[in-house]
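S.K.: Make the full structure from the sequences, and use the hints.
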Amino acid sequence: MQAIVELKDAVKIVDNGSDEQKVILNNVSLDIFEGDFVTVLGGNGAGKSTLFNAIAGNLVLTSGQVFIMGENVTKKTPEERAKYISRVFQDPKMGTAPRMTVAENLAVSRLRGEKRGLQLRNLSKYKDEFLKLTSRIGNGLENHLDTPTGNLSGGQRQALSLLMATSKRPNLLLLDEHTAALDPKTSNSLMELTDEIIKNDKLTSLMITHHMDDALKYGNRLLVMKDGQIIQDLDSNQKSKLSIQDFYEIFE
879 MQAIVELKDA VKIVDNGSDE QKVILNNVSL DIFEGDFVTV LGGNGAGKST
929 LFNAIAGNLV LTSGQVFIMG ENVTKKTPEE RAKYISRVFQ DPKMGTAPRM
979 TVAENLAVSR LRGEKRGLQL RNLSKYKDEF LKLTSRIGNG LENHLDTPTG
1029 NLSGGQRQAL SLLMATSKRP NLLLLDEHTA ALDPKTSNSL MELTDEIIKN
1079 DKLTSLMITH HMDDALKYGN RLLVMKDGQI IQDLDSNQKS KLSIQDFYEI
1129 FE
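Sequential numbering from 879 applies to the sequence shown in our numbering.
To be clear, the hints were calculated from the coordinates, so they are not data collected in a lab. Please note: incorrect hints may appear among the correct ones.
[Said to hold, decoys possible] Taking lysine-lysine pairs in the DSS-like style, the calculated list, with each CA pair at most 30 angstroms apart, reads:
no.: 1; residue 1: K1095; residue 2: K1117
no.: 2; residue 1: K1095; residue 2: K971
no.: 3; residue 1: K1077; residue 2: K1117
no.: 4; residue 1: K1063; residue 2: K1080
no.: 5; residue 1: K953; residue 2: K886
no.: 6; residue 1: K1063; residue 2: K971
no.: 7; residue 1: K1104; residue 2: K953
no.: 8; residue 1: K1104; residue 2: K1119
no.: 9; residue 1: K1077; residue 2: K1095
no.: 10; residue 1: K961; residue 2: K971
From a predicted model like this one, the values you see are computed outputs, not experimental measurements.
M.R.: Printed below as a string of structure tokens:
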């Protein structure tokens, strides 16, 4: 089976001042296969965001290679990798254009990874599609298709970011602590929606989380990172035998 994503001996070294260097990604190799929903745990500075940025192309590796769908994308820009990857960030403001309406944001997301020229929006053409799409969420977003995104609540805006990231099916969905800025109730609702979309649409996803209970509950695979390395790579069976206390012991 061909991996969706392959990291081979990925290393990232940065200057840390005073002629010192710090290794923030330490010889990481990783295969992500079709249908994997991989959760990623680790403390601050463990290398989680560095791993995501290496895959997405926002960070140039010091050494090593990145393959997506069998293509060597190590030297490709984030824009060139966008045809494969979509991403939802921790900050709800980062995934949407605040002055554009919900419908306009969704229309733009349909063109992810494509060259865009000047063209008519044709929003009326997609109205029924957008109504059906936003109705999946259950937080009233379908009533705000003509509302500027900046006027939405944080939960609605983050849910819209998730819809935008998945409306055009990506080869890999990166979820970068996408519930961290939300209150517990909204966070739980968004996680349930995330799990539903990933399962129903049979997506391949990599999710950073600081919530150990979410890492236990969701996904078929769990990575634990520390000091720029993957120190645990657990499948569903191994994960099901762990408790939150076990995670604390791993980190200690």
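S.K.: Does each hint hold? Answer for all of them.
M.R.: Each hint, compared with the structure:
| no. | hint | result |
| --- | --- | --- |
| 1 | K1095 x K1117 | holds (9 angstroms) |
| 2 | K1095 x K971 | holds (27 angstroms) |
| 3 | K1077 x K1117 | holds (19 angstroms) |
| 4 | K1063 x K1080 | holds (26 angstroms) |
| 5 | K953 x K886 | holds (14 angstroms) |
| 6 | K1063 x K971 | holds (19 angstroms) |
| 7 | K1104 x K953 | holds (26 angstroms) |
| 8 | K1104 x K1119 | holds (21 angstroms) |
| 9 | K1077 x K1095 | holds (14 angstroms) |
| 10 | K961 x K971 | holds (22 angstroms) |
In the structure shown, no violation is registered for any of the earlier numbered hints.
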